[in-house]
Amino acid sequence: MNNIFPMEYEKQLFPFSNACWANATVAAKHFGKLTKDWLKLGSTKNYIREVGQELDIEAYNSKGEISPLLVNVEKGRNGGTWIHPELVIEFARWLSPKFARACDRHIKNMLISQNRTLTEDQIINLLIHQEPTTWEKRFQEPYYQALSRMTGLPYFGHVGGTPSLFGAITSKWVYQVVLPDVVYAEAKEAAKGSGEKIHQYLKPEASKLVEEQLKAVTMLANGCADYKDFESRCMAAFGVKGQLKLIYPAA
1 MNNIFPMEYE
11 KQLFPFSNAC
21 WANATVAAKH
31 FGKLTKDWLK
41 LGSTKNYIRE
51 VGQELDIEAY
61 NSKGEISPLL
71 VNVEKGRNGG
81 TWIHPELVIE
91 FARWLSPKFA
101 RACDRHIKNM
111 LISQNRTLTE
121 DQIINLLIHQ
131 EPTTWEKRFQ
141 EPYYQALSRM
151 TGLPYFGHVG
161 GTPSLFGAIT
171 SKWVYQVVLP
181 DVVYAEAKEA
191 AKGSGEKIHQ
201 YLKPEASKLV
211 EEQLKAVTML
221 ANGCADYKDF
231 ESRCMAAFGV
241 KGQLKLIYPA
251 A
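Quick note on our numbering: the sequence shown kicks off at 1 and runs consecutively.
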């Protein structure tokens, strides 16, 4: 494998290729395990077959050998068993949950920093949880107080609910500014009718962007004379949507 982008973890470097393949041999050795033991597991074989089906790859041949398009053995420098990006996190979980999280972050950072072309499903998987996280108060009082002062609408805390305009503002000038359309739509659909909130489905990378945008909108609202002034300033300040700058594939 050429063009190595190593990940530092516990003061050791773990090789990743520029295509996000990982050297499983190096990783397994760090944890005192063997890659072949993971590949022998029934659960692993089932997972590899699922990945192969999704990618339209014949995962195993008639001899039961794994396709080199999913698991490939390299010799020489950086030699070892290299595994496809779709297998990396599953393999890493077998080694250590903490290591799996590190790999997940590393792959996301590589994809974003390289402006890699991502499918909508990949973008969603990067930024959306399949299950909601525990509720935390993310939209703080200063945000709603600023909206109340700017719009002239009453706000007495969440006990009595918030004006519908606040929700429209949050959608338009918080979520839709920083999140790709497919991510916002997916999170909104997941939360619909479940009693959960949109932010509970956002992974840390997306949540951080939302939190920063909340601060920006709060500050802007505090300096506006009225709602018309607010809309005008938002258009000037947040004219470009999707601060993640993820690249969509050409149609």
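Any given hint could turn out to be false.
Stated by the list, open to error - Using 25 angstroms as the maximum straight-line C-alpha spacing, the simulated BS3-like pairs for lysine-lysine come out as follows:
| no. | residue 1 | residue 2 |
| --- | --- | --- |
| 1 | 203 | 188 |
| 2 | 108 | 197 |
| 3 | 208 | 108 |
| 4 | 188 | 172 |
| 5 | 75 | 63 |
| 6 | 33 | 98 |
| 7 | 75 | 36 |
Hints listed in this document are in silico derivations from the structure and should not be mistaken for laboratory results.
Model, not experiment: these values are computed from the prediction.
Verification of the supplied hints:
For the suggested pair residue 203 and residue 188, the alpha carbons sit about 14 angstroms apart, so the restraint of at most 25 angstroms is met. A C-alpha spacing of about 24 angstroms is found between residue 108 and residue 197, which places the hinted pair at or below 25 angstroms, so the restraint holds. The straight-line distance between the Cα atoms of residue 208 and residue 108 is roughly 14 angstroms, inside the 25 angstroms bound, and the hint therefore holds. Only pairs whose Cα atoms come within 25 angstroms are accepted, and residue 188 paired with residue 172 is accepted, the gap being roughly 13 angstroms.
For the suggested pair residue 75 and residue 63, the alpha carbons sit about 23 angstroms apart, so the restraint of at most 25 angstroms is met. About 16 angstroms separates the Cα atoms of residue 33 and residue 98, which keeps this hinted pair within 25 angstroms; it holds. With a C-alpha separation of about 16 angstroms, the suggested pair residue 75 and residue 36 falls inside the 25 angstroms cut-off, and the hint holds.
Consistency with the previously given hints is maintained throughout, with no hint failing.
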